[in-house]
Each structure stands twice: as C-alpha cells, then as structure tokens.
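Asker: Sequence:
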Amino acid sequence: MALADLRVSMAGYRVRVARSAAQLLDELKKDPQLDVLLLDVMLPDGNGFDMLAKFRRHPNFALLPIVLLTAKDQVADIKKGLTLGADGYVTKPYSKSILIDAVSKVLKQPVPK
716 MALADLRVSM
726 AGYRVRVARS
736 AAQLLDELKK
746 DPQLDVLLLD
756 VMLPDGNGFD
766 MLAKFRRHPN
776 FALLPIVLLT
786 AKDQVADIKK
796 GLTLGADGYV
806 TKPYSKSILI
816 DAVSKVLKQP
826 VPK
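Throughout, my numbering is defined as the position within the sequence shown, counted from one, plus 715.
FYI, nobody ran anything at the bench for these hints, they're computed from the structure.
There could be a bad hint or two in this list.
What the hints assert, rightly or not - Straight-line distance between alpha carbons at most 27 angstroms, and here's what the computed DSS-like set of lysine-lysine pairs gives:
id : residue 1 : residue 2
1  : Lys807    : Lys823
2  : Lys787    : Lys820
3  : Lys823    : Lys811
4  : Lys745    : Lys769
5  : Lys795    : Lys811
6  : Lys823    : Lys795
7  : Lys795    : Lys820
8  : Lys807    : Lys795
9  : Lys787    : Lys811
10 : Lys823    : Lys787
11 : Lys745    : Lys787
12 : Lys794    : Lys811
13 : Lys795    : Lys769
14 : Lys807    : Lys794
15 : Lys807    : Lys787
16 : Lys769    : Lys787
17 : Lys745    : Lys794
18 : Lys823    : Lys769
19 : Lys769    : Lys744
20 : Lys794    : Lys820
21 : Lys769    : Lys794
22 : Lys820    : Lys807
23 : Lys807    : Lys769
Stated by the list, open to error - Derived DEER-like restraints, expressed as beta-carbon distance ranges:
id : residue 1 : residue 2 : range
24 : Asp816    : Lys745    : 25 to 33 angstroms
25 : Gln824    : Gly800    : 14 to 22 angstroms
26 : Arg729    : Val790    : 28 to 36 angstroms
27 : Ile813    : Lys744    : 17 to 25 angstroms
All C-beta atoms, glycine included, are put in the ideal place defined by N, C-alpha and C.
Let the hints inform the model, and build the full structure from the sequences given.
Answerer: Rendered as structure tokens:
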C-alpha cells in the first residue's frame with residue numbers, strides 16, 4: 716500500500732498509514748477522524764472484505780467512504796466489495812490518476828491539481 720500512500724499524498728491529501736488490520740484498528744482508536752479509507756483486500760493479518768463489513772456495521776464508520784484496493788479483479792470480487800458497502804474499487808496495478816479519481820469521487824470533490 717506504500718505506493719497508494721505516496722500517490723494520494725502527492726495529490727495533496729493528508730495520509731495516515733496502517734500496514735495491517737490490527738494497526739488500522741489501533742490507529743482508529745487513537746484518532747477515529749477519517750475522510751476516506753483506502754482498504755487493501757489482502758491484509759497480512761486479515762481480510763479486507765471482512766473489515767469492510769465490520770466498518771459498515773459500526774455506527775461511527777457506517778458512512779465513511781471506503782475504497783478497496785486489490786489485485787482481485789474478478790467480477791465476483793468486485794461485486795462482493797460493492798455489495799458489502801465499498802464506495803469504490805480500484806484494481807492493481809493502478810495509476811496515480813485512477814487512484815486520485817477514485818478518492819475524489821467518493822469525497823465528491825474535484826480532483827486536486
């Protein structure tokens with residue numbers, strides 16, 4: 716996810732990084748304020764689809780825009796992510812412009828120049 720972090724920060728967005736499901740949960744306990752979550756489907760210690768479902772059931776994160784990032788580009792995987800409540804789905808490899816477009820779309824903001 717390091718490349719995604721760099722690409723999003725280069726577009727002018729502030730980025731906080733969590734490299735695992737456990738680290739993400741710890742970060743959210745410290746500071747739950749997020750504008751958007753870029754969530755990798757394949758985490759070293761968890762499943763992004765499961766994390767997405769948990770976020771959608773949690774009252775503090777039910778409306779948080781979530782974009783899934785993954786190498787899983789099968790139609791069934793994309794449908795699963797969107798059915799679980801993802802606001803966007805970006806498959807790897809992706810360009811900076813595709814990632815920034817996805818973030819801007821879920822934030823309903825113009826793409827930063």
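Asker: Indicate, hint by hint, whether the structure satisfies it.
Answerer: Consistency of the hints with the structure:
1. Between Lys807 and Lys823, the direct Cα distance comes to roughly 23 angstroms. Compliance with the 27 angstroms bound is thereby established for this hinted pair.
2. For the proposed pair Lys787 and Lys820, the alpha carbon gap of about 21 angstroms is at most 27 angstroms, so the pair holds.
3. Only pairs whose Cα atoms come within 27 angstroms are accepted, and Lys823 paired with Lys811 is accepted, the gap being roughly 18 angstroms.
4. Pair hint Lys745 plus Lys769 holds up; C-alpha atoms about 18 angstroms apart against a cutoff of 27 angstroms.
5. For the hint linking Lys795 to Lys811, the alpha-carbon distance of about 24 angstroms falls within 27 angstroms, and the restraint holds.
6. A C-alpha spacing of about 23 angstroms is found between Lys823 and Lys795, which places the hinted pair at or below 27 angstroms, so the restraint holds.
7. Of the supplied pair hints, the one linking Lys795 and Lys820 holds, its CA atoms being roughly 20 angstroms apart against a limit of 27 angstroms.
8. Proposed proximity of Lys807 and Lys795 is supported: the alpha carbons are some 17 angstroms apart, at most 27 angstroms.
9. For the hint pairing Lys787 with Lys811, the CA-to-CA distance comes to about 19 angstroms; that is within 27 angstroms, so the pair holds.
10. For the proposed pair Lys823 and Lys787, the alpha carbon gap of about 25 angstroms is at most 27 angstroms, so the pair holds.
11. Taking the CA atoms of Lys745 and Lys787, the gap is near 31 angstroms; set against the 27 angstroms cutoff, the hint is violated.
12. For the proposed pair Lys794 and Lys811, the alpha carbon gap of about 23 angstroms is at most 27 angstroms, so the pair holds.
13. This hinted pair checks out: Lys795 and Lys769 have alpha carbons roughly 14 angstroms apart, not beyond 27 angstroms.
14. At roughly 16 angstroms between alpha-carbon atoms, Lys807 and Lys794 fall within 27 angstroms of each other, so this suggested pair holds.
15. At most 27 angstroms may separate the alpha-carbon atoms for a hinted pair to count; Lys807 and Lys787 meet this at roughly 8 angstroms.
16. Of the pairs offered as hints, the one joining Lys769 and Lys787 holds, with about 20 angstroms between alpha carbons and a cut-off of 27 angstroms not exceeded.
17. Distance restraint check for Lys745 and Lys794: the Cα-Cα separation of roughly 32 angstroms exceeds the 27 angstroms cut-off, and the hinted pair is therefore not satisfied.
18. For the hint pairing Lys823 with Lys769, the CA-to-CA distance comes to about 24 angstroms; that is within 27 angstroms, so the pair holds.
19. Distance restraint check for Lys769 and Lys744: the Cα-Cα separation of roughly 15 angstroms lies within the 27 angstroms cut-off, and the hinted pair is therefore satisfied.
20. For the proposed pair Lys794 and Lys820, the alpha carbon gap of about 18 angstroms is at most 27 angstroms, so the pair holds.
21. Among the hinted pairs, Lys769 with Lys794 is consistent with the structure: their alpha-carbon atoms are about 17 angstroms apart, no more than 27 angstroms.
22. Annotation: proposed proximity of Lys820 to Lys807 holds, straight-line Cα distance about 18 angstroms (limit 27 angstroms).
23. In summary, the hint linking Lys807 to Lys769 is supported, as the alpha carbons are separated by about 24 angstroms, within the 27 angstroms threshold.
24. Judged by the Cβ atoms, the range 25 to 33 angstroms given for Asp816 and Lys745 holds: they are separated by roughly 30 angstroms.
25. Checked against the hint of 14 to 22 angstroms, the C-beta distance between Gln824 and Gly800 comes to roughly 20 angstroms, which is consistent with it.
26. A beta carbon spacing of about 33 angstroms between Arg729 and Val790 agrees with the range 28 to 36 angstroms that was offered as a hint.
27. Between Ile813 and Lys744 the Cβ separation comes to about 31 angstroms, which falls outside the hinted range of 17 to 25 angstroms.
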